[in-house]
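Chains A and B supply the protein sequences, listed in that same order. Quick note: the first sequence, position 141, residue 141 per our numbering, numbers continuous. In short: position in the second sequence from 1, add 1000, done, that's our numbering.
Keep in mind the hints are simulated off the structure, nothing from the lab. Where is the CB? At the ideal position from N, CA and C, for every residue including glycine. Check before you lean on any hint, since a few could be wrong.
Computed beta-carbon distance windows for the label pairs [as the list claims (entries may be wrong)]:
hint	chain 1	residue 1	chain 2	residue 2	range
1	B	Asn1034	A	Asp308	27 to 33 angstroms
2	B	Pro1262	A	Glu102	28 to 34 angstroms
3	B	Lys1285	A	Ala260	26 to 32 angstroms
4	B	Lys1285	A	Glu102	53 to 59 angstroms
5	B	Asp1216	A	Val287	27 to 33 angstroms
6	B	Asn1194	A	Gln245	58 to 64 angstroms
7	A	Glu84	B	Lys1246	34 to 40 angstroms
8	B	Lys1159	A	Arg229	35 to 41 angstroms
9	A	Ser64	B	Leu1166	39 to 45 angstroms
10	A	Val287	B	Glu1259	51 to 57 angstroms
11	A	Asp195	B	Ser1221	48 to 54 angstroms
12	A	Tyr172	B	Val1101	24 to 30 angstroms
13	B	Leu1276	A	Asp134	54 to 60 angstroms
14	B	Ile1191	A	Arg83	34 to 40 angstroms
Cβ-to-Cβ under 8 angstroms is the rule here; a few derived chain A residues that face chain B [said to hold, decoys possible]:
hint	residue
15	Thr25
16	Thr177
17	Leu179
Residue strings, one per chain:
2 protein chains.
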Amino acid sequence: EDESYFDSYSHFDIHHQMLQDKVRTESYRDFMLNNKEYFKDKIVLDVGCGTGILSMFAVKAGASHVIGVDQSEIIYQAMDIVRENGLENKITLLKGRLEDVELPYKQVDIIISEWMGYFLLFESMLDTVLVARDRYLKPGGMVFPDICTISVTAISDFKLYNKDVLFWDDVYGFKMTCLKSEVIKEACVDIIKNDTVVTDPCVLKTIDVSDCQLSDLQFKSEFNLTMTRDGEITAFIGYFNIYFQKHLSQPVEFSTGPEATPTHWKQTVFLLPKPLSLKKGEEIKGVLSCKKNRKDPRSLVISLTYNDKRHIYIME
Amino acid sequence: EDESYFDSYSHFDIHHQMLQDKVRTESYRDFMLNNKEYFKDKIVLDVGCGTGILSMFAVKAGASHVIGVDQSEIIYQAMDIVRENGLENKITLLKGRLEDVELPYKQVDIIISEWMGYFLLFESMLDTVLVARDRYLKPGGMVFPDICTISVTAISDFKLYNKDVLFWDDVYGFKMTCLKSEVIKEACVDIIKNDTVVTDPCVLKTIDVSDCQLSDLQFKSEFNLTMTRDGEITAFIGYFNIYFQKHLSQPVEFSTGPEATPTHWKQTVFLLPKPLSLKKGEEIKGVLSCKKNRKDPRSLVISLTYNDKRHIYIME
């Protein structure tokens, strides 16, 4: 009920934001249009096709036919869009869950999908891509993007820390300290300035979409971050990198890290209950585990253990 | 389903944003703390109390007792907050719909509430305040804020128009023109720069919360805007002003208009299907009607008629 207030109450806003995210959309475009020899005469499946933009790129790249599947109402607009661009003989759009719809082909050569959520795995749309892969991909076929990494680094950002944590100590003269731990527990997404980063980054997990299993999407990884300058760590941040590479003559990649152009995924922020003061060259070691919430498999439970203490964060 | 992606997935984010909106929160604070003689020994009802901040201001202003009612889970945090500030003998918090809960007093002297939504009336929380007024307010008692106005003006903002409307003509080389009218139809909220305003404003509606009726919250008003310079109108914008005034020695007011400090309500934008070119001094006359959506009374259907043509906008 509360949440509804800040819902994007425009039904197209999410698609508008994704299309306007040039890092995202141009990466998919370049991966396809710069690798036309790979797409020539291929059958392509677009999982979660939205407005159909990726399906249209695939046709432009030379695919003989593209099937787009989406369970959202947006697919009716995608049908209009495909007609508007004269591509209705090249693209078949199906409304429904990928798990339920019947495709016009038993097998496809290439699966494309933009399934990524915050911290890569929030909302778990990759699960559906793996179903599509196991059910429809020809032997030797490929899923793109194929490689994804999840990384962590640490920041010293007291502007953010004051706004999100210390704020509750004095709210117009009243104490709301009891809200602090509740707020910290909810990982948030925000665009982090790269000059607040105080350690080198560490890759926690590499996922190869062409052969990973569902069980790989829950993981536990050690990390070891080295301070690049003296500073007080106020938060760990997580982000992901995406690679379109195997079998391609012109690989494409993009990063959602703080050093790169911001995307609509921003960075995921794990605020510390207490800032940690460290000197340049010192290391902070820890373990991050990422699990699905049993009660709601689209949401994530992330635990961060460092200095012998475990901190739980949720994304829901 | 689509919308969930951009949900504020933090449960506290809405309260955090409202508290951090200084224009909003300090106006309520100043209205109470600058009018202590009015609050002294009064029984106050806070409708939709959230974190309890307004209830605590009321105690600080001298109220003998405050009852806060909220149907959201946030009230459990409000209970902790009230205890943390040692005000548990002064504030009674009740979880539930105002229409359903049983108050510890049959009548109250003052009702306070921060019920305003986008374009003032989106989400219709004022309906509940009117129930509280008619059921619990003592004869001669007051509801604050007491006066609200809704205004309209026009802007020439091609940056916004390109992003939201013309964008669909060429999306990475494809046409998505069919989405234009769908996008325009959904009124959006955005922070509008005051230097894009090209007409004077016009007050559409004044609501006196102390004696208005439910039927007053759906209205139809003529407007007449005069161009303050030559320009092409790309959108009408709506906003509201809030007044705490009757019986107060120190009245307080704030505006959510483009000339004022931005608030979390921003401005409501009604994009034009086609920009309208006008000269300085020329007038644009029209009629705006605002109705509840019968299928979902929290959402609004707004029609704008000008140049003999009617345009429908929805907020849902």
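query: For which of the previously enumerated hints does the structure constitute a violation, in increasing order of number?
result: 1, 2, 3, 5, 6, 7, 9
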